[in-house]
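Novice: Line by line, the protein sequences give chains A and B. Each residue of the first sequence is one higher than the one before, starting from 1 at the first, in our numbering. Each residue of the second sequence is one higher than the one before, starting from 1 at the first, in our numbering.
Just so you know, the hints here were simulated from the structure itself, not pulled from any lab data. Heads up, some of the hints might be wrong.
Said to hold, decoys possible - Covered, in the sense of this in silico footprint (three residues per stretch, anywhere, with C-beta under 8 Å from a C-beta of chain A), are these stretches of chain B:
no. : stretch
1   : 83 to 95
2   : 246 to 258
3   : 281 to 292
Claimed, not checked - Pair by pair, the computed Cβ-Cβ distance ranges are:
no. : chain 1 : residue 1 : chain 2 : residue 2 : range
4   : B       : R280      : A       : V3        : 45 to 51 Å
5   : B       : G144      : A       : V144      : 51 to 57 Å
6   : A       : N141      : B       : L93       : 52 to 58 Å
7   : B       : G144      : A       : P62       : 27 to 33 Å
8   : B       : M193      : A       : D178      : 25 to 31 Å
9   : A       : G117      : B       : V271      : 22 to 28 Å
10  : B       : L100      : A       : R133      : 51 to 57 Å
11  : A       : Y89       : B       : I287      : 19 to 25 Å
12  : B       : R303      : A       : D178      : 28 to 34 Å
13  : A       : F114      : B       : S174      : 53 to 59 Å
14  : A       : V3        : B       : G194      : 57 to 63 Å
Unchecked claim - Short derived list, chain A residues pointing at chain B, Cβ under 8 Å:
no. : residue
15  : A90
16  : I93
17  : L112
18  : I166
19  : G167
20  : A169
21  : D267
22  : L278
23  : V280
24  : P282
25  : L286
C-beta atoms are modelled at their ideal positions from N, C-alpha and C, and glycine is treated no differently.
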Amino acid sequence: MTVVLEQIFNGFQLGFVYALIALGYTMVYGIIRLINFAHGDVFMVGAFLGVFGYTSWRLPFPLAILVSMVMCAVLGVTIERAAYRPLRYAPRIAALISAIGVSLFLEYFCSLKFVFGPNYRVVDRPFAVTSFRVAGANVSNIQVIVAVVVVVLLALLQYMLFHTKIGKAMRAVSQDHDAARLMGINVDNVISATFAIGSALAAAGGVLYAVAYPQIWPFLGIMPGLKAFTAAVLGGIGIVPGAFLGALIMGQVDVLSAAFISSQFRDAVGFSILILVLLVRPTGLLGSRQPEKV
Amino acid sequence: MVFPAAAAAFYVVVRALTGAGLINDYWRLILDQSLIIAVASLGLSLIYGFCGQFSLGHAAFYGLGAYTAGLIGKLYGHGNLAWFAASLVAGALVAGFVALLVGLPILRLRSDYLGIATLGFGIIVKVLMDNSNKLIPATGGATGMTGTPRVADFTWIFITTVLVILLVRNFVYSRYGRAWVAIREDEVAADAMGANTTLYKTLAFVLGCGLAGLAGGLYAHRYPFVHPSSFDFLKSIDFLIVVVLGGLGSFTGTVATAIGWVFLLEGLRGVLGQAFVDWRGVVYALILVVTIILRPRGLLGGREWSALVPRVLAVPVGKGERRGGTGS
Numbered sequence: 001m002t003v004v005l006e007q008i009f010n011g012f013q014l015g016f017v018y019a020l021i022a023l024g025y026t027m028v029y030g031i032i033r034l035i036n037f038a039h040g041d042v043f044m045v046g047a048f049l050g051v052f053g054y055t056s057w058r059l060p061f062p063l064a065i066l067v068s069m070v071m072c073a074v075l076g077v078t079i080e081r082a083a084y085r086p087l088r089y090a091p092r093i094a095a096l097i098s099a100i101g102v103s104l105f106l107e108y109f110c111s112l113k114f115v116f117g118p119n120y121r122v123v124d125r126p127f128a129v130t131s132f133r134v135a136g137a138n139v140s141n142i143q144v145i146v147a148v149v150v151v152v153l154l155a156l157l158q159y160m161l162f163h164t165k166i167g168k169a170m171r172a173v174s175q176d177h178d179a180a181r182l183m184g185i186n187v188d189n190v191i192s193a194t195f196a197i198g199s200a201l202a203a204a205g206g207v208l209y210a211v212a213y214p215q216i217w218p219f220l221g222i223m224p225g226l227k228a229f230t231a232a233v234l235g236g237i238g239i240v241p242g243a244f245l246g247a248l249i250m251g252q253v254d255v256l257s258a259a260f261i262s263s264q265f266r267d268a269v270g271f272s273i274l275i276l277v278l279l280v281r282p283t284g285l286l287g288s289r290q291p292e293k294v
Numbered sequence: 001m002v003f004p005a006a007a008a009a010f011y012v013v014v015r016a017l018t019g020a021g022l023i024n025d026y027w028r029l030i031l032d033q034s035l036i037i038a039v040a041s042l043g044l045s046l047i048y049g050f051c052g053q054f055s056l057g058h059a060a061f062y063g064l065g066a067y068t069a070g071l072i073g074k075l076y077g078h079g080n081l082a083w084f085a086a087s088l089v090a091g092a093l094v095a096g097f098v099a100l101l102v103g104l105p106i107l108r109l110r111s112d113y114l115g116i117a118t119l120g121f122g123i124i125v126k127v128l129m130d131n132s133n134k135l136i137p138a139t140g141g142a143t144g145m146t147g148t149p150r151v152a153d154f155t156w157i158f159i160t161t162v163l164v165i166l167l168v169r170n171f172v173y174s175r176y177g178r179a180w181v182a183i184r185e186d187e188v189a190a191d192a193m194g195a196n197t198t199l200y201k202t203l204a205f206v207l208g209c210g211l212a213g214l215a216g217g218l219y220a221h222r223y224p225f226v227h228p229s230s231f232d233f234l235k236s237i238d239f240l241i242v243v244v245l246g247g248l249g250s251f252t253g254t255v256a257t258a259i260g261w262v263f264l265l266e267g268l269r270g271v272l273g274q275a276f277v278d279w280r281g282v283v284y285a286l287i288l289v290v291t292i293i294l295r296p297r298g299l300l301g302g303r304e305w306s307a308l309v310p311r312v313l314a315v316p317v318g319k320g321e322r323r324g325g326t327g328s
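Okay, chain B solo, but in the shape it has when bound (with noise of 0.2 Å):
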């Protein structure tokens, strides 16, 4: 019950704090923003937090998302609610579908190879976005999408950060979240000891990828402007940063960073001061390398808030009573 209780007081802190002009339309620009890309990140940390499958092509699916909704929206949606949910519904389907596709073949690679082919796939879709209006010519190609309704609000970018957590939390502390482990740990063990691995992976891979393609259907009905170079290589690197940095095998850690990151890039915009704006790229860059060498495994490697641990598995071992056979 802590978890809904202390997200419900967040969502009243926030909703107050709104209502009475202490956060401005900046600083609500850039908590949505953090928490569509903890979303999105979730989904990497399904895919190589848990699972272990090197993926540099996440904002690939992000864009897939983002511009199907985003599409959808705009075409048919002209802001009405119904229309937008089905619209993010789309978007995580065609980006989990278009997942399932590739992730059948380009799966059997390893780490570093797996990496480099899903980098070369998000290269692949960055060219076709920019040459999409080629074939559907309301998406705008190179120069962007615009004309998509605001239907997206902190509440509702809000529930569906709540509900993602909850399902990532879910799978995480199923059968699938440890056959995951196992996979991530040492896959010819794990298919030794008769995991389906193929099956896990792509599940994890569909999974995550989904989670981006609902981000990016939130991304374009947040902000009036969809560019294929917000889904560039670039980005597909920021999640793998918050992942990494929020520490492999923690969901907690991926979103407290997510907010953290996106909030610390915005943030030295203010620290900086105007005349060494110039440096942000600098010291974010700093910043990365000295915390990846004072953390190597992340933030919460391995750990998550308790309050979002079932009861069950929250019971150290050796301590609290024991439940029958051995070492339940």
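Excised from the complex, chain A in its bound form (with noise of 0.2 Å):
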């Protein structure tokens, strides 16, 4: 019993770092319909100037991911203008493949030598891991932190959405880009907004796993990235919560199908059951059903 309750913790710490992703993922398709397949390489990259941060550049933990996040903003919003904005108008497919042009470049691009290089790094951990028993199973301290950092970006996440101008003019530019102009609001700058804030949470996403699973490479992004749009799309892609559901669901198909089932076949139970709920809910678990329309 204790097994699968300490499972079920690393479960819970695996998905709090898909939350971070899927979040960037869904607010990204809710505004403009895109499958940002460059987003698990924004959380690569973000790792990687995480793990700069506290050691080469000497940074206090928390000043790291606030300067990875920060730097990944500004990279996710050069992606956007340079790679999707002149696609705005053309097929939504120009768009994704705009996108898988970014991800390979981005992943290439590290992996060269003057940048972070091809090979895997293994990470130093910013402080010592220690772990006390929670009902007689074993917390690390690594999940504690990685817990307390998604849950206030969350909570700062929803007060933003929810309580701030930027975050209703994304909500009224999610529901329809040209009733939005027409009162006022300015599309681009709220699309900037939505790719700067998605992708510096995946940058925090992409430390917190770097702490958490200490070893890391150019192509790292890929599979946690996949993982966490299928989170996104499991939980009804476009809807907030839905990412949040959705990763901490992945999380613990994940761990658990890794631990009591065979690590080799993790995937398949995880994109099995992702098929299983389309086939039950075509829109994800907590979306709703659109009208068809001619």
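Two chains, two separate frames, one set of hints: put the complex together.
Specialist: Have a look at this one:
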């Protein structure tokens, strides 16, 4: 029983990290209907920058996270300007291909020797790992830190979305671009802000991931990116609480299937559950069915 | 008659250049690979380019075909041509049959949701391939499968490609093709007009995946090493890139882009030289982004090589002789 409980705690740790990535996916999708394939790679860049922050640049850990978030926000906005904005009025698939291109670019550019290099790096943790007992199961301080950071960021996001002007503008643009523009909202700025916030959240996720699973390399973002995107779809893409719910489920499925079924079948179990859920609820767990119009 | 003549001329030229030693083994390898990719991409072109069903799991069917045909060739074929042909058919049938089983439930999903479901299916198949040696030891599982005889040469691959192009063209210009395009443009409207959308969508999916399986069979018989990582998510993305860059609704564009894209990938190795070979991925990605920004509708969106368009349809509206009735 203790083992199960410990695995569930591990599942929460992974699920919280997935949630930070999934939120970016779901916000971007909600606003411009784009599967931002480069998002997982922003997460990777965030992990590297954060680790450099507290090792090479000797910043305190919270500041390292913050610096990584700011730099990735800039990266996200740059990507949007360079690769997605020129395709705003093109067919949707064009922007998706562009996103794939950006994703490959980030992966291979970061693999270059003078950037991050192509190899795995083992990460030094910024603090010693200790554990204490909760209900007979071991909980590490990393798990607590991950949970605290994620909950704080989520609360900030929720506040921003529902109690600030930019949040209101985002919700308006996600409903209808043209109507929002008629109401005097600068749609381009809102889209940039969405990318900035989504990328910053992914960066925070990256740093936490690097601390929790201390090994990073330039292709780090692919699988967590796909999993987080799946989580967003599972919860109902475009819906913020859905992304969080989906991420927690994906985290548990990942950890529990690796622990109790087989680590080799871990990915297969997660995606099987996704397909089954989509067959029953084609727009995700919290999604509502859109009426079909011609 | 232009297309068969052009195809024959292309074949003769390549054979002559090979005979004269002007095309070395390396470039022959790339040429064969580009034709194989063209066959599989034509399959995705039917599914996505013509019928509008967003699939991100095409490589899974390519892999199913490769494993089926490769296994038959390895265990029973031993280089026998009849077995080779049979194994290609078997690869295509297995891929098509699995596509039928998967397609019937999941083709109900729309656009991006369908994409994600097929992506998930692709990853599941990849995991199964990694562990396939537990059921069939000869597949080699995660270490890859060796021992398939190298039977597929340029002639076989070329003939298959030409036949597949003709097959795709005949489908596209039949009532099936028109129904696919109607579904792509607006599924609800097509349904309302009385088209059996489930039937047509499933047909496109099964046929397209069958072509991927056929290409997989050729691949397994051309390259001695079949490995699960050759059929992962990134490979599916490759097919998608070919179809979109070629232009949706253009099989000419798909074939041209498949060949061009494979040559670009390999050509970069030569152009960049040893010192900059690490930059290959970066340059490839930049070319991809720049191309799609310059031509968001693909190179040949909706257009075809006129030699492949049936005569009756080639007469532009308003020109040429009017054949009775309105708008015919």
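Novice: Are the hints correct? Go through all of them and say.
Specialist: A quick look at each hint next to the structure:
Coverage of the stretch 83 to 95 of chain B by chain A is violated. Counting CB-CB distances below 8 Å, 0 residues qualify, and the rule asks for three or more. With a cut-off of 8 Å between beta carbons, the stretch 246 to 258 of chain B has 1 residues touching chain A; three or more are needed, and the interface restraint is violated. Coverage of the stretch 281 to 292 of chain B by chain A holds. Counting CB-CB distances below 8 Å, 8 residues qualify, and the rule asks for three or more. In this structure the hint that R280(B) and V3(A) lie 45 to 51 Å apart at CB holds, the actual value being about 46 Å.
The beta-carbon spacing between G144(B) and V144(A), approximately 43 Å, falls outside the hinted interval of 51 to 57 Å. Checked against the hint of 52 to 58 Å, the pair N141(A) and L93(B) passes, with Cβ atoms roughly 56 Å apart. The hinted window of 27 to 33 Å between G144(B) and P62(A) is violated, with their beta carbons roughly 46 Å apart. M193(B) and D178(A) have their C-beta atoms about 29 Å apart, which keeps the hinted 25 to 31 Å range intact.
A hinted range of 22 to 28 Å for the beta carbons of G117(A) and V271(B) is consistent with their spacing of about 24 Å. A hinted range of 51 to 57 Å for the beta carbons of L100(B) and R133(A) is consistent with their spacing of about 53 Å. At about 23 Å, the CB distance of Y89(A) to I287(B) agrees with the hint of 19 to 25 Å. The beta-carbon spacing between R303(B) and D178(A), approximately 31 Å, falls within the hinted interval of 28 to 34 Å.
Roughly 55 Å separates the CB atoms of F114(A) and S174(B), a value that falls within the hinted 53 to 59 Å. Against the hinted window of 57 to 63 Å, the Cβ-Cβ separation of V3(A) and G194(B) comes to about 59 Å, which satisfies the hint. Hint status for A90(A): holds, given a least beta-carbon distance of 3 Å to chain B, under 8 Å. At its closest, the beta carbon of I93(A) sits 5 Å from a beta carbon of chain B; the interface hint therefore holds under the 8 Å criterion.
Residue-level restraint check for L112(A) holds (minimum Cβ-Cβ distance to chain B is 6 Å; threshold 8 Å). A least Cβ separation of about 26 Å between I166(A) and chain B goes past the 8 Å threshold, and the interface hint is therefore violated. Evaluation of the G167(A) hint against chain B yields a violated restraint, the C-beta minimum of about 25 Å exceeding 8 Å. Nearest Cβ of chain B to the Cβ of A169(A): about 24 Å, over the 8 Å cut. The hint is violated.
Of the supplied interface hints, the one on D267(A) holds, with its beta-carbon coming within about 5 Å of a beta-carbon of chain B, less than 8 Å. Here the hint on L278(A) is kept, as its CB sits about 5 Å from the closest CB of chain B, short of 8 Å. Look at V280(A): its Cβ only gets to about 11 Å from chain B, farther than 8 Å, so that hint breaks. Look at P282(A): its Cβ gets to within about 5 Å of chain B, closer than 8 Å, so that hint holds up.
Checking L286(A) against chain B by beta carbon gives a least distance of about 14 Å; that is not within 8 Å, so the hint is violated.
Violation of the numbered hints given earlier is confined to hints 1, 2, 5, 7, 18, 19, 20, 23 and 25; the remaining hints are satisfied by the structure.
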